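**Student:** Below are the chains, spelled out letter by letter.
There are 2 protein chains.
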Amino acid sequence: MENGDPALPQIAAQLGPTAVKARVVGITGSPGVGKSTTTNELVRAFRKLDRRVGVLAVDPSSPFSGGAILGDRVRMQDHATDPGVYIRSMSSRGHLGGLAAATPAAVRVLAGAGCDIVLVETVGVGQAEVEIASLADTTLVLLAPGMGDAIQAVKAGILEIADIFVVNKADRDGADATYKDIHGMIALGGSERGPGDWRPRVLKASAVRGEGIEDVVESIDDHEAWLTRTGELTRRREQRAAAEIEALVVAELRARFAELPGVGLHELAARVASGDLDPYAAATRLLEEVA
Amino acid sequence: MENGDPALPQIAAQLGPTAVKARVVGITGSPGVGKSTTTNELVRAFRKLDRRVGVLAVDPSSPFSGGAILGDRVRMQDHATDPGVYIRSMSSRGHLGGLAAATPAAVRVLAGAGCDIVLVETVGVGQAEVEIASLADTTLVLLAPGMGDAIQAVKAGILEIADIFVVNKADRDGADATYKDIHGMIALGGSERGPGDWRPRVLKASAVRGEGIEDVVESIDDHEAWLTRTGELTRRREQRAAAEIEALVVAELRARFAELPGVGLHELAARVASGDLDPYAAATRLLEEVA
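Listed in order, the protein sequences are those of chains H and S.
Under the numbering used here, the first sequence is numbered contiguously, ending at residue 291.
Under the numbering used here, the second sequence is numbered contiguously, ending at residue 291.
The set of hints was computed from the structure by calculation and includes no laboratory data.
These figures come from a predicted structure and were not determined experimentally.
Only true hints are included.
Derived DEER-like restraints, expressed as beta-carbon distance ranges: (1) S:Asp-221 - H:Glu-192: 43 to 53 Å; (2) H:Gly-16 - S:Thr-230: 46 to 56 Å; (3) H:Gly-32 - S:Gly-189: 20 to 30 Å.
By construction, the Cβ of each residue, glycine as well, lies at the ideal position given by its N, Cα and C atoms.
Please work from the sequences and hints to get the whole structure.
**Tutor:** In structure tokens form, the structure reads like this:
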């Protein structure tokens, strides 16, 4: 998936309807908030319920860090011998937007391979994470006490995407304050919610101690029941599918731009850079050639 | 620019070659590192040199925050009566990717309006910032002592995009340590640099006290001289123009998808969401209709 293998379309066709059978749960939050530990505990909890679990740890970090490979090894230890768990760290390998294309494809393959649930763990709270979180049926936002995360969450647009907030490290000072801050912000947004809308849950947990994880699992199940009952599940998934199709069309067109004979993207870009042509006129020219 | 006004193509055509006359300097770094203060001091320094300055403060935050409007007012105070300075805070207004389209267009208009230099200040160090920073001829990365920024910079891929590092708040404890950390990381990357390549500068400053700003201006000028001498300026600007053209083509195709008669994106997305069709097959169908 990550390398954009040419066999992907055939694989996708062979997966058939199994590709959409898994529930997709996004887990996001700032670095240091305890995402990996929480993911690990959620895997354990879902396994107790006999559900097969896939984990995609999405790390849009520099190819320098080599984080993905090391990450895989560390994560594997707790579930290494469990055939009902598949864990994969995905790195962007230097391609901006690469993960946006590879992640939904990987989710489909994990579903096709029999995972009942796919956890997509994303690093950080930038725009890229908001985009990746939009892959999920249910999005968990993790916070830790005293990190100013409540404010950062608002800034990064995280508040709008969270279905469930988890204040992790709940045994630490400031956990109650963070808990109240989040509740306050949800109340502020209350006027925009209709009577049947989902009201984001706020939970406390200590993933290191394994405390509060059952409540998180229960809220995930409740959210899924709400999604199904209201038709929101279909709406979210259709939106996700539309974005995926668009991304594939754009990728194909990019490839066509590169192969154009005559006045291609490269020459048009040189003229725009020199001020000889404006970008809108260049885009019109390019469209005439490919579309 | 932010609203994607239909008159944009005409305006762009009228700007002509003036649209590429300004130097574009990106300023990025984590929240709290002193970006606004540094930008403010840079404006002051460039004005002393009698250069006209445009500032685009790019804030990809939630429409909730209203930060852009407040920000404008606060920023304006120091330069409110100076006709040689134009400052604008741009917010994404809820559109992912909206800033990626609007920012280069705004840079062109500011250049056309006579700005010699355009400072593009971006919030945070996520992927969106890396993408926006790629708009710049010269990219400044701001760091502050004791924020763990050196490590975060590596994680976020900031190291690769920085032409000049500025350790701000240099009077604080830990400034020397941060300075050394960055120097160490640049040395580590040294084997990948050829003899004529730009070696990132590391400077100390205290923007609040107005200290070290002249050195920053000097390094920006040195970097521009290097860009011009090596032809790298043309290369970067052609890359930027290509990305801008592609983005416009994609936007136009999105609009066409929405207007398609018969089997449009919406219906294909519904079939993909239900597992009836795979996304690659759907993309192929869509391409046949528009291209």
